[in-house]
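Use these hints to put chain B onto chain A, whose structure you have.
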Amino acid sequence: MDNRVYIIGRDSVPQYLRLDAGEELAMTLVVPPGTDVQLALEIDLTGPGASLDLAGLYLCREAERVDLRVLVRHSSGGGTSRQLFKGIVGGTARAAFDGLIYVAQDAQKTQAYQENHTILLSDAARVESRPQLEIYADDVQCSHGATTGYLNPDELFYLRSRGIPEAEARRLQMVAFLAPVLRRLPEPLSEEIYAGLS
Amino acid sequence: MNNVLLEIRDLHAGVEGKEILKGVDLTVRRGEVHAVMGPNGAGKSTLGGVLAGRPSFEVTAGSVLYDGRDLLALSPEERSWAGLFLSFQYPVEIPGVSITNFMKAAVSARRKAQGLPELTPAEYLKLLKEKMALVQMKGEFARREVNVGFSGGEKKRNEVFQMAMLEPTLSILDETDSGLDVDALRIVAEGVNALRTPQTAAIVITHYQRLLDYIVPDVVHVLKDGRIVRTGGRELVDLIDRQGYEGIDG
Chain A
1 MDNRVYIIGR DSVPQYLRLD AGEELAMTLV VPPGTDVQLA LEIDLTGPGA
51 SLDLAGLYLC REAERVDLRV LVRHSSGGGT SRQLFKGIVG GTARAAFDGL
101 IYVAQDAQKT QAYQENHTIL LSDAARVESR PQLEIYADDV QCSHGATTGY
151 LNPDELFYLR SRGIPEAEAR RLQMVAFLAP VLRRLPEPLS EEIYAGLS
Chain B
1 MNNVLLEIRD LHAGVEGKEI LKGVDLTVRR GEVHAVMGPN GAGKSTLGGV
51 LAGRPSFEVT AGSVLYDGRD LLALSPEERS WAGLFLSFQY PVEIPGVSIT
101 NFMKAAVSAR RKAQGLPELT PAEYLKLLKE KMALVQMKGE FARREVNVGF
151 SGGEKKRNEV FQMAMLEPTL SILDETDSGL DVDALRIVAE GVNALRTPQT
201 AAIVITHYQR LLDYIVPDVV HVLKDGRIVR TGGRELVDLI DRQGYEGIDG
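Those protein sequence lines, which keep their order, are chains A and B. Residues 1 to 198 (the numbering used here) are what the first sequence spells out, left to right. Residues 1 to 250 (the numbering used here) are what the second sequence spells out, left to right.
Same shape as in the complex, but just chain A:
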C-alpha cells in the first residue's frame, strides 16, 4: 500500500477524502517544529471493505499552536480504520487533538481504532486530547485511547547509568516514543525530525 506523506505548512492537505469499496489508503501527517496549524480532515469510508491506515506526528517545543481535527466516518460495512497520532509538546506550545470515529447504522463489521499519545517536556506546555466514538451499528469493534505523560525517569536513569549523557538519553527516549510514526517517513524527512529532537 502506498503511504501518502503530508508535511503540514508545506504541502496542501486534502480536507475531505472518500474511500470506495475495497479501497485502501495509508496516510501520514507531519507537523514539523515551528508550525502553527489548524487542520480539519474528514475521511469517509463509503464503500464496503475500505481500509484506512492514518498516522500523524506533531513536534512543537517552543510556542506553537497545533489544532488537529480528524473525522473518520464509516458509512459502509466491513471497513477498517486505524489511527495513531503521537506528539511531543514543550516550551509554551499548545496542541489539541480532536478525533471522532463515526460508525453509521449500516456499517456492520466495522473495525475502527484510534490512539493519541503525547509527551510533555515542560510544565507550561499544554495538550488537549479529545477522542470520541459515535457508533450506531451494533456489530463492530472500536476502541480509542489517549495518554499524556512525561519522559519516563526510570528509562532516563537506565540510559544515563550506561554512560549516555542526559541530553542524548532524552533524545533517544523521544525517538523511541515517535518510532512507530517515524518509520513511515522517507529519509530526508525523518532526518529532519531527528534533528528537531536534539
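Each hint should be verified, as a subset may be incorrect.
Think about it this way: if two alpha-carbon atoms lie no more than 30 angstroms apart in a straight line, the pair counts; the simulated BS3-like pairs of lysine-lysine are [to be verified]:
#, chain 1, residue 1, chain 2, residue 2
1, B, K138, B, K155
2, B, K104, B, K155
3, B, K138, B, K112
4, A, K86, B, K104
5, B, K155, B, K126
6, B, K155, A, K86
Derived Cβ-Cβ restraints for the label pairs, each shown as a range [what the hints assert, rightly or not]:
#, chain 1, residue 1, chain 2, residue 2, range
7, A, D98, B, G17, 38 to 44 angstroms
8, A, A195, B, P117, 20 to 26 angstroms
9, A, R65, B, R186, 54 to 60 angstroms
10, A, A63, B, Q199, 50 to 56 angstroms
Source of the hints: derived by calculation from the structure; they are not laboratory data. Note that the coordinates shown come from a computational prediction; the quantities given were computed from them, not determined experimentally. C-beta atoms are modelled at their ideal positions from N, C-alpha and C, and glycine is treated no differently.
Just chain B, lined up with the frame of chain A:
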C-alpha cells in the same frame, strides 16, 4: 594504582525524607568480590542505587570515595565513564530502541569522555558479537528492543552483556539472581567470572546464597536495617543459609 577502589564512610541516604541507609561503612579493594546480603527492606538496593546515582535517592550524610574521587559529586553518566556499572534488579524496557543502538550510544559516549576515537562500524560489530557470545546471546538479540518482551533470564543476561560491553572497574550486581533458573544463573555467573581481573572489583547484592555458589566472594557483609551488622568470609554465607538473618548481629 590505588589499591582501595571504593571507600564508603558513614553513608546515610533515603527517599522522600525516609532514611533507609543509616551509616554504612564499606571498603572494597581491587581484585575483590564483596557480597552484601540481607533481608528484604534492609537497604541493599538503595545502596546500589545511591552508588550509581539514582536521582530519587537523597544522600544526607557521609562520603564515598571511588578511585580517590568524590563519587557523590558525579552524574550517573560520569560514574559510568569512570568505570562504575550497576546491573539493575529490574532492568528497564525501552520500546523503540534496539540493543545495538543503545550500546552504540553508550560505547561512543564513553570513548568520547575518555578521549578515544570512535570505533569503526566493523570494530563495533566485532565487540558486540564477542560480548554476546559471553552470555550466549544469538544474532537477532542485537536487533531487539531493549528488554521488551524479554524473559527474566534474558533481562539479566542482557545486564551482564552490557557489563561486558562497558568493561567496568567496579560492578554492582543488584539481585542479579532473582527470577533465574539454574541454567540462566550459570550463564550469568560465568559471564561475571570471566570479567574478573586483579584491577577490577564487584559488589554482589543478594538475598540468597544461591548466586554465591557460582560467584565466590572474598568478603561477605550482612546489611540489616540500613547498617552493616557483620562482616566476614565465606563462612558467613553458610551461617545465613543455616539460620537465616534473625540471629545475625554485630
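Right, here's what the structure says about each hint:
Between B/K138 and B/K155, the direct Cα distance comes to roughly 14 angstroms. Compliance with the 30 angstroms bound is thereby established for this hinted pair. Between B/K104 and B/K155, the direct Cα distance comes to roughly 18 angstroms. Compliance with the 30 angstroms bound is thereby established for this hinted pair. With a C-alpha separation of about 29 angstroms, the suggested pairing of B/K138 with B/K112 holds against the 30 angstroms cut-off. Our distance criterion of 30 angstroms between C-alpha atoms is met by A/K86 and B/K104, whose separation comes to about 26 angstroms.
Taking the CA atoms of B/K155 and B/K126, the gap is about 22 angstroms. The hint holds against a cut of 30 angstroms. Simply put, B/K155 and A/K86 have alpha-carbon atoms about 28 angstroms apart, close enough for the 30 angstroms limit, and the pair holds. Between A/D98 and B/G17 the beta carbon distance is about 43 angstroms. The supplied range of 38 to 44 angstroms therefore holds. In this structure the supplied range 20 to 26 angstroms holds for A/A195 paired with B/P117, their Cβ-Cβ distance being about 24 angstroms.
A beta carbon spacing of about 58 angstroms between A/R65 and B/R186 agrees with the range 54 to 60 angstroms that was offered as a hint. Evaluation of the 50 to 56 angstroms hint for A/A63 and B/Q199 yields a pass: the beta carbon distance comes to about 53 angstroms.
Taken one by one, the earlier hints all hold for this structure without exception.
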